[in-house]
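All chains should be modelled from the sequences, with the hints used to inform the complete structure.
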Amino acid sequence: MTIDLTINGEARRLDLDPATPLLWALRDGLGLTGTKYGCGIAQCGACTVHVDGEATRSCITPIEAVAGRRVVTVEGLSSARGRAVQRAWIEAQVPQCGYCQSGQVMAAAALLAGNADPSDADIDAAMSGILCRCGTYGRIRTAIRAAAQALRG
Amino acid sequence: MTSTTHSRRDTLRGFAAAAGFLILGANRAGAVLLPGSYVPRAPFEDGAFSPFAWVEIGPGGVLIRYAAAEMGQGVSTALPQILAEELELEWESVRVAPAPLGAAFIHPRLRERDSAGSRSVRFNYEPLRRVGAAARQMLVQAAAERWDLPVETCAAEAPGRVVHPASGRSLSYADLADAAARLTPPREPRLKDPARFRLIGRSLRRKDVPAKVDGSAVFASDVRLPGLLTATSMQCPRFGGRLAALDEAPARAIPGVRAVLRFDTWFAVVADGFWPAKRGLDALTPRWEGGSDIDSAAISAKLAAAGGSGEATLETRRLGDAAAALAGSERRIEAVYEVPYLAHATMEPMSAVARVAAGGCEIWVGTQRQSVAHDYVATLLGIPRDRVTLHETYLGGGFGRRFEVDYLGQAVLIAQRMEGRPVKLIWTREEDTRQGFYRPATWNRLEGGLDTAGRPVAWTHRIAAQSLLQRIRPYALRPNGLDVAAVEGAVNHPYAIPNQRVEWSRVDLPVPVGAWRSVGSSQNAFVTECFIDELAQLAGADPYRYRRDLMTGHPRHRAVLDLAAERAGWGTPLPAGHGRGVAAAECFGGWCAQVAEVEAVPGGRIRVRRMVAVLDCGLAVNPSIVEAQVESAIVFGLSAALFGQITVAGGAVQQTNFDDHPILRIDEMPRIEVHILPSHEAPGGVGEIATPQVAPAVANAIFAATGRRIRSLPLALHGVV
Ligand code: FES
Ligand code: FES
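Going line by line, the protein sequences match chains R and F. The numbering of the first sequence is the UniProt record's numbering, which starts it at 1 and goes up by one. The numbering of the second sequence is the UniProt record's numbering, which starts it at 1 and goes up by one.
Hints listed in this document are in silico derivations from the structure and should not be mistaken for laboratory results. If you're wondering where the values come from, they're calculated on a predicted model, not measured in any experiment. Be a bit skeptical, because a hint or two may be false.
Unchecked claim - Now the stretches of chain F that chain R is said to cover, found in silico as 3 or more residues with beta-carbon under 8 Å: (1) 339-347; (2) 387-397; (3) 550-557.
To be verified - A few chain F residues facing chain R, derived, Cβ under 10 Å: (4) 74; (5) 203; (6) 206; (7) 209; (8) 256; (9) 272; (10) 278; (11) 625; (12) 628; (13) 634; (14) 666; (15) 667.
Glycine is no exception: its CB is placed at the ideal position from the N, C-alpha and C atoms.
Right, dumping it as structure tokens:
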């Protein structure tokens with residue numbers, strides 16, 4: 001069975017078991033390895049992508065559930081908002097090992113899409129599902145605020 | 001470097017006697033060899049000193065190689081930064097790459113490549129300055145020869161040029177590199193005057209960051225190769241157990257599954273991708289046999305019995321006569337402290353890629369023990385070392401877990417059976433949690449005695465624990481069997497107490513143990529820093545001042561403690577229900593003091609509100625990276641203090657994934673304030689220095705806030721989180 005969807009702006013056809021999690025379709029099927037596996041059970045957020053703009057855990061999202069929808073991964077994060085987040089991440093020198101960071105960046109970009117000026121509580125609510133074993137949380141907070149400010153101009 | 005040649009040879013002979021790999025069949029992973037020792041290599045200054053192996057200068061810019069594993073601690077920036085300083089380069093134009101394992105890159109003292117013990121900058125600072133300075137001198141000499149001018153009249157200058165100031169002539173490094181590389185390196189390169197540093201000591205941007213925000217950074221689990229297969233594996237969950245039987249049919253029935261491979265203690269499913277491999281694994285019902293059936297209660301009882309009886313105890317520190325002083329002291333207390341096993345839980349589960357073909361092997365792996373990994377693969381396959389090629393990837397976290405090579409061994413053994421096709425092994429999170437090399441659980445009994453003025457006159461500390469060096473570096477055990485890593489943090493507390501006795505009782509248990517960020521200090525500092533707090537309490541003294549007064553002869557300890565107290569506002573009023581706790585400890589050449597502030601919230605729980613840390617790591621090569629490492633160490637320490645534990649039932653680890661093995665989340669973060677003490681001392685350790693203080697500072701703050709003295713971890717067991 002084939003599934004059609006849009007990934008990073010391109011129409012793609014996946015010929016995989018429809019129950020395959022989007023995470024593995026991206027990584028093994030399409031070679032988009034920026035999206036990471038951390039737990040496989042919606043506990044860590046390393047696999048966060050955007051589905052129709054919403055931050056979504058790709059490890060528990062079967063590809064049949066995203067047929068016909070728009071998926072954006074860290075490789076395709078080309079919106080002004082996405083770029084602003086990535087710039088702020090570089091400015092604040094957030095990443096350490098880096099393994100969780102695609103998920104962090106994607107979650108932050110989704111947060112800013114719905115909230116131009118997030119409070120600390122908003123940041124907590126949007127980001128508490130994205131674990132970082134290296135403890136980059138302080139800089140993540142700094143970077144989100146900086147990106148929000150840059151986007152507000 | 002030159003005066004030690006003789007003793008180095010002697011050391012080499014000592015190593016050679018123990019050389020080769022031990023097969024610890026009774027330990028985990030029967031078929032997987034565990035490296036017991038290592039054949040040391042010729043270091044880069046014994047005839048292989050070749051500055052232009054480290055630096056590649058071309059028209060397109062400069063590439064600097066770094067001989068350490070980038071696992072987040074920033075070595076891919078800090079190490080090249082040191083070299084670039086001496087070489088007078090412009091930072092923005094520098095590219096970096098991991099160094100191969102050749103002789104030119106083996107450390108003169110370590111004789112192997114590894115990334116542990118907070119050593120990378122500490123041990124490479126001087127050698128890398130020498131490499132950079134030698135390359136600079138060779139470039140200057142090449143220019144002088146080309147111009148036919150005396151070399152003293154020429155100089156190197158940023159951004160990467162040699163100039164002759166008198167005539168205004170200049171040549172770029174790119175024009176000189178070929179000629180310079182043919183010159184003989186100077187024996188004693190002239191180092192720059194630190195007063196002229198332009199790069200060292202600055203928060204230069206990390207070279208690895210751009211690739212880590214756009215998804216292009218490659219970890220072992222991201223490696224892609226033509227014909228690549230993906231495997232996932234499962235080892236007997238019971239320590240020491242074996243695979244008795246496995247019906248492969250259910251896995252083979254899953255589309256995309258290519259093979260089910262059986263080994264002595266584990267099996268693997270190989271497939272076209274991770275998803276079918278995992279489905280295949282989940283479809284199987286292996287039958288295991290043998291192995292341990294121990295549980296956490298039995299482990300605690302064994303540790304307590306060994307510690308309590310004092311059998312087979314090794315004395316590791318003795319000062320005066322602690323027993324007599326205790327007996328004669330005015331006031332005495334005794335306390336038992338316990339800490340649990342802890343998992344590393346790196347964000348990237350264990351992963352490695354291998355291809356075994358035509359009598360050789362290529363591996364792609366993130367490892368903290370590069371040269372051992374390399375030797376290990378050669379030993380495993382019975383091929384010469386030069387037939388093994390190691391490609392280093394970024395590590396999705398290390399913390400000591402990737403100091404082990406078990407997962408790499410599995411990848412190689414799987415690839416060996418797949419007829420030349422490359423295989424990527426990715427462990428499930430569940431496997432990663434269950435098959436760790438955990439920080440040892442320990443049992444501790446302490447006694448302290450005060451004189452009439454409340455000053456401590458006696459201190460005894462007995463630790464009962466497993467040995468970790470026994471497996472990872474048996475040649476580093478003391479002749480009497482003492483594991484020095486297990487007593488770090490217990491034997492070097494800074495308190496001037498005239499009578500002290502510290503002992504260690506080795507207990508053998510089937511749980512695999514290994515090095516966990518800051519190693520012995522991570523648990524021993526919890527014990528010593530809480531117990532000194534108890535003594536202060538008994539003396540009716542302020543815990544900060546009490547410590548401070550006892551830190552005679554330890555100026556660096558005292559300096560970080562004083563500044564931490566000052567920055568935290570020690571002694572200033574706090575809202576009701578809040579409390580402050582302090583802790584100080586030194587490890588791996590770095591000194592750190594921390595003050596925790598906690599708040600007791602309704603329901604008997606506490607929240608950690610603020611952590612203030614002061615670090616003395618000597619010269620901070622890149623202050624932004626140092627600060628990030630302190631923040632990281634504190635978060636790591638908080639996860640452990642609040643919820644970290646691995647428990648055992650039926651001979652197996654009970655935790656599996658982040659749902660039953662939580663780590664700190666952003667909404668649980670306290671405010672963290674980090675201060676780096678300005679210093680001109682040689683660079684010390686950084687990455688691990690600020691973990692040991694976290695648990696005791698928080699536990700002491702809980703005491704200050706609630707009057708409750710907590711003597712075992714994690715705090716969650718006491719209902720406070
Ligand atoms: S891998 Fe999807 S949430 Fe952890
Ligand atoms: S940067 Fe390492 S897990 Fe977040």
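Now for the hints, and whether the structure bears them out:
1. Chain R is given as covering the segment 339-347 of chain F, and this holds because 3 residues of the stretch bring a CB closer than 8 Å to a CB of that chain, at least three being needed.
2. Requiring three or more residues with a Cβ within less than 8 Å of a Cβ of chain R, the coverage given for the segment 387-397 of chain F holds, as 4 such residues are present.
3. Coverage of the segment 550-557 of chain F by chain R is violated [criterion: at least 3 residues with CB-CB distance below 8 Å; count 0].
4. Satisfaction of the interface hint for residue 74 of chain F is found here, the shortest Cβ-Cβ separation to chain R being roughly 8 Å, below the 10 Å cut-off.
5. Taking 10 Å as the C-beta cut-off, the interface hint given for residue 203 of chain F holds, the closest approach to chain R being about 8 Å.
6. Restraint check, residue 206 of chain F versus chain R: the minimum CB separation of about 6 Å is within 10 Å; hint holds.
7. The interface hint given for residue 209 of chain F is met, as the beta carbon of that residue sits about 5 Å from the closest beta carbon of chain R, less than 10 Å.
8. With 10 Å as the threshold, the beta carbon of residue 256 of chain F comes within range of chain R, its nearest partner Cβ sitting at about 8 Å, so the hint holds.
9. Residue-level restraint check for residue 272 of chain F holds (minimum Cβ-Cβ distance to chain R is 7 Å; threshold 10 Å).
10. Taking 10 Å as the C-beta contact cut-off toward chain R, the hint placing residue 278 of chain F at the interface holds, the least distance being around 8 Å.
11. Given hint, residue 625 of chain F at the interface with chain R, holds; its Cβ is 8 Å from that chain's nearest Cβ, closer than 10 Å.
12. For residue 628 of chain F, the suggested interface contact is upheld, since its CB lies about 6 Å from the closest CB of chain R, less than 10 Å.
13. With a cut of 10 Å, the hint placing residue 634 of chain F at the interface with chain R holds, because the nearest CB-to-CB distance is about 7 Å.
14. Residue-level restraint check for residue 666 of chain F holds (minimum Cβ-Cβ distance to chain R is 4 Å; threshold 10 Å).
15. At about 4 Å, the closest approach between the beta carbon of residue 667 of chain F and any beta carbon in chain R falls short of 10 Å, and the interface hint on this residue holds.
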